Amino acid sequence: MSDPTTSLTDRVTPIEAGAHVTGAAFLGRTPALALGNGEVLLAEIGAEKRLLAHPDAGILVAARAGTSLVTGGDDGRLTRVGADGSCVEIAQEKGKWIDALVARDDGTIAWASGKEVRARDPKGEVKRFSAPSGVRGLAFLPKGYRLAIAHYNGATLWFPNTAAAPETFDWKGSHLDITLSPDGRFIVTSMQENALHGWRVADKRDMRMTGYPAKTRSWSWSPEGHWLATSGADACIVWPFKEKDGPMNQAPRECGVRKAKVSQVAFHPKALVIAIGYDDGWILLCRLTDAAEILVRAPQDEGSGAVTAFAWDAEGRRLLFGTAEGQAGILDMPN
Amino acid sequence: MAEKIPVTVLTGYLGAGKTTLLNRILSEPHGRKFAVIVNEFGEIGIDNDLVVGADEEVFEMNNGCICCTVRGDLIRIIEGLMKRKGKFDAIIVETTGLADPAPVAQTFFVDADVQDAARLDAVVTVADAKWLAARLKDAPEAKNQIAFADVILLNKSDLVTEAELAEVEARIRAINPYAKLHKTTKCAVPLDAVLGRNAFDLERILEIEPEFLHTEDHHDHGHHDHDHHGHDHAHEAHGLKHYHDEDMQSVALSIEGDVDPERFLPWINEYTQKEGPSILRSKGILAFKNEPKRFVFQGVHMILDGDLQRDWRPEEKRVSRVVFIGRNLKEDEIRAGFMACAA
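In the order they appear, the protein sequences are chains A and B.
Just so we're aligned, residue 1 is where the first sequence starts under the working numbering, counting upward by one.
Just so we're aligned, residue 336 is where the second sequence starts under the working numbering, counting upward by one.
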């Protein structure tokens, strides 16, 4: 992969983040990185600013809410950081770790600490829910105000604003991350047992996507919602969700096959191109249609950490990335 | 490749002295930084930078060939701690008084991310010399904690008589013949007696268990005068009472010579899968036919970890030994199965 016409490595500007990168996001035009040393780094090239969002603690989870970054720490605190450098505490879970966090553009946020789930609407009203066991993943359903919650032995869908009983979807095992297909038809979870599980929401029909050599901890939906790119193998595994039965009885596509595990994936916001990050720090862009690859990053030294965070800006002109060892960078896409 | 973070599991009944030991470890001026994972946030009374509350949540993990109970919360916590690498050199996991150590240990063998980041160093059990004998009679958890241990601190030894101490030590040995046993007051032992033990390191299996070499005594007990009427019976030998616990045993076997790996490996795998729930821990050093390197393994229930290690030294006798500790072990079945593997 050293052919210069298929390499964008010289369009990457490195950023020395200095600590494990937990999350990445563009706050409007400002690149932001959430770090394991408790800082949020606003990383505009030449105009860096560090905010100590979680003093003496680490950021475990981060999510973008519009043009703010919400961070959850091992200090039990939730803060909201703006591109203007503002940093406001919005919740405190008495020191218990924030294990999961999700947010959306209208400013709705949900988080979990142990079994306790909180949903906070844009006006700041907080509703509470106790899951049957420790919560590892959260996702908003695409329509309305409804939260999908992943825990042991299944998932629960909860309407924070109604008294309706939550709806449960059962499957034995430890469910970690959770996501909904953009059309709301399917729930997908990643499992401790190196597999994805899913349910068709309408009839709770189970589906399993197995064969992964490792856990899937990163996934991304294509812009039109027809594909789910996933990590956890030596290639990016992409599942089709367009048909009536979704991925059931369908073979996935593979791209970016290398001798390293895929640790992070992110679909371009406007094209069927996937940014793929590996556990050795490499980054490729792959086109889904023909699996064509472009090299973005190939660190030469042994100690280069896994890619741990990706974010495309709204137009897909820049890709922000971060690694476990504190290196980060921004790729500027060519015209 | 970064060094794996060592993890010490601290177990034992409430009041035995776990907190005393924990505080000693954290307050000694050794320069090491610890992340401590505890069950109850408030009760600990320790001052340490990184203290994490765990809820001891377990789930059944089934990945086809292995079905075991795993501490899901520990996987989550270790993943989180690794985002703060550099803030600690080692991890101590304290379990509640009634906890079964097996799920904790198993967690370190079933998750790839945990295995990449951390290694289980030792299970340290703190026991109360005054109360242990009674607990061994009425609490299976106490037996598990003793059977599972690599290091046992028989604490509050100043509160019992010599005779009582000898008695409880003999009961411990009936269950666990190879843990390193220290009789302590206020858990006062040098820290290297409990930290940096490498007890799960295949390289160190022989070094830390001199008793393991002397299987002759125990081997004899396996044959003669065993009338199992469901109660303890004791023999005198070498001035030390030998107890046989009615439901927790150790079985130590040896073959003077090589075993055939084509028979041994399938047997050990199948036997631990079948009898996994009864076998708390297993260890072995084997001479494989036509193999100059020693084969070393250790296991927790049905999870086995084995590898070829160093060459047999010219002055070393090629002998094959295995030890099982567990509940209601079928000694005859184990012996027959192992002996059939002789080369």
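Just so you know, the hints here were simulated from the structure itself, not pulled from any lab data.
Only a predicted model underlies this, so the values are computations on that prediction, with no experimental measurement involved.
It is possible that some hints are incorrect.
What the hints assert, rightly or not - Here are the computed lysine-lysine pairs in the BS3-like style, where the Cα-Cα straight-line distance is at most 27 Å:
(1) K368(B) - K94(A)
(2) K518(B) - K472(B)
(3) K624(B) - K652(B)
(4) K96(A) - K420(B)
(5) K259(A) - K624(B)
(6) K143(A) - K49(A)
(7) K96(A) - K518(B)
(8) K244(A) - K261(A)
(9) K478(B) - K609(B)
(10) K261(A) - K472(B)
(11) K472(B) - K339(B)
(12) K368(B) - K472(B)
(13) K96(A) - K127(A)
(14) K420(B) - K515(B)
(15) K204(A) - K244(A)
(16) K115(A) - K96(A)
(17) K609(B) - K665(B)
(18) K420(B) - K478(B)
(19) K94(A) - K123(A)
(20) K478(B) - K49(A)
(21) K127(A) - K143(A)
(22) K261(A) - K143(A)
(23) K420(B) - K94(A)
(24) K515(B) - K259(A)
(25) K259(A) - K244(A)
(26) K261(A) - K339(B)
(27) K127(A) - K94(A)
(28) K96(A) - K339(B)
(29) K49(A) - K422(B)
(30) K96(A) - K422(B)
(31) K465(B) - K521(B)
(32) K518(B) - K465(B)
(33) K478(B) - K422(B)
(34) K478(B) - K172(A)
(35) K422(B) - K94(A)
Here is how each hint holds up against the structure:
Between K368(B) and K94(A) the CA atoms are separated by roughly 24 Å; this keeps the pair inside 27 Å, and the hint holds. Between the alpha carbons of K518(B) and K472(B) the distance comes to roughly 21 Å, so the proposed pair stays at or under 27 Å and holds. Of the supplied pair hints, the one linking K624(B) and K652(B) holds, its CA atoms being roughly 14 Å apart against a limit of 27 Å. For the suggested pair K96(A) and K420(B), the alpha carbons sit about 19 Å apart, so the restraint of at most 27 Å is met.
Simply put, K259(A) and K624(B) have alpha-carbon atoms about 35 Å apart, too far for the 27 Å limit, and the pair is violated. The straight-line distance between the Cα atoms of K143(A) and K49(A) is roughly 36 Å, outside the 27 Å bound, and the hint therefore fails. A C-alpha spacing of about 37 Å is found between K96(A) and K518(B), which places the hinted pair above 27 Å, so the restraint is violated. Between the alpha carbons of K244(A) and K261(A) the distance comes to roughly 31 Å, so the proposed pair goes past 27 Å and is violated.
Of the supplied pair hints, the one linking K478(B) and K609(B) holds, its CA atoms being roughly 22 Å apart against a limit of 27 Å. Straight-line distance between C-alpha atoms of K261(A) and K472(B) comes to about 50 Å, which puts the hinted pair past the 27 Å bound. Restraint check for K472(B) and K339(B): not satisfied, since their Cα atoms lie roughly 39 Å apart, outside the 27 Å limit. Between K368(B) and K472(B) the CA atoms are separated by roughly 38 Å; this puts the pair beyond 27 Å, and the hint is violated.
In summary, the hint linking K96(A) to K127(A) is supported, as the alpha carbons are separated by about 18 Å, within the 27 Å threshold. Annotation: proposed proximity of K420(B) to K515(B) is violated, straight-line Cα distance about 31 Å (limit 27 Å). Restraint check: the Cα-Cα separation between K204(A) and K244(A) comes to about 14 Å, which is no more than 27 Å; the hinted pair holds. Restraint check: the Cα-Cα separation between K115(A) and K96(A) comes to about 11 Å, which is no more than 27 Å; the hinted pair holds.
For the hint linking K609(B) to K665(B), the alpha-carbon distance of about 12 Å falls within 27 Å, and the restraint holds. Our distance criterion of 27 Å between C-alpha atoms is broken by K420(B) and K478(B), whose separation comes to about 36 Å. Only pairs whose Cα atoms come within 27 Å are accepted, and K94(A) paired with K123(A) is accepted, the gap being roughly 23 Å. Between K478(B) and K49(A) the alpha-carbon distance is near 56 Å, which puts this suggested pair outside the 27 Å criterion.
Restraint check: the Cα-Cα separation between K127(A) and K143(A) comes to about 18 Å, which is no more than 27 Å; the hinted pair holds. This hinted pair does not check out: K261(A) and K143(A) have alpha carbons roughly 34 Å apart, beyond 27 Å. The hinted pair formed by K420(B) and K94(A) meets the criterion: a straight-line CA distance of about 23 Å does not exceed 27 Å. Proposed proximity of K515(B) and K259(A) is contradicted: the alpha carbons are some 43 Å apart, above 27 Å.
Distance hint between K259(A) and K244(A) is unfulfilled; the C-alpha atoms sit about 34 Å from each other, more than 27 Å. Using a Cα cut-off of 27 Å, the hinted pair K261(A) and K339(B) holds, with the two alpha carbons roughly 20 Å apart. Taking the CA atoms of K127(A) and K94(A), the gap is near 17 Å; set against the 27 Å cutoff, the hint holds. A threshold of 27 Å between alpha carbons decides the hint, and for K96(A) with K339(B) the separation of about 26 Å falls inside it, so the pair holds.
A distance of roughly 23 Å separates the Cα atoms of K49(A) and K422(B); the hinted pair therefore holds under the 27 Å criterion. For the proposed pair K96(A) and K422(B), the alpha carbon gap of about 18 Å is at most 27 Å, so the pair holds. This hinted pair checks out: K465(B) and K521(B) have alpha carbons roughly 13 Å apart, not beyond 27 Å. Distance hint between K518(B) and K465(B) is fulfilled; the C-alpha atoms sit about 12 Å from each other, no more than 27 Å.
Between K478(B) and K422(B) the CA atoms are separated by roughly 36 Å; this puts the pair beyond 27 Å, and the hint is violated. Between the alpha carbons of K478(B) and K172(A) the distance comes to roughly 30 Å, so the proposed pair goes past 27 Å and is violated. Simply put, K422(B) and K94(A) have alpha-carbon atoms about 22 Å apart, close enough for the 27 Å limit, and the pair holds.
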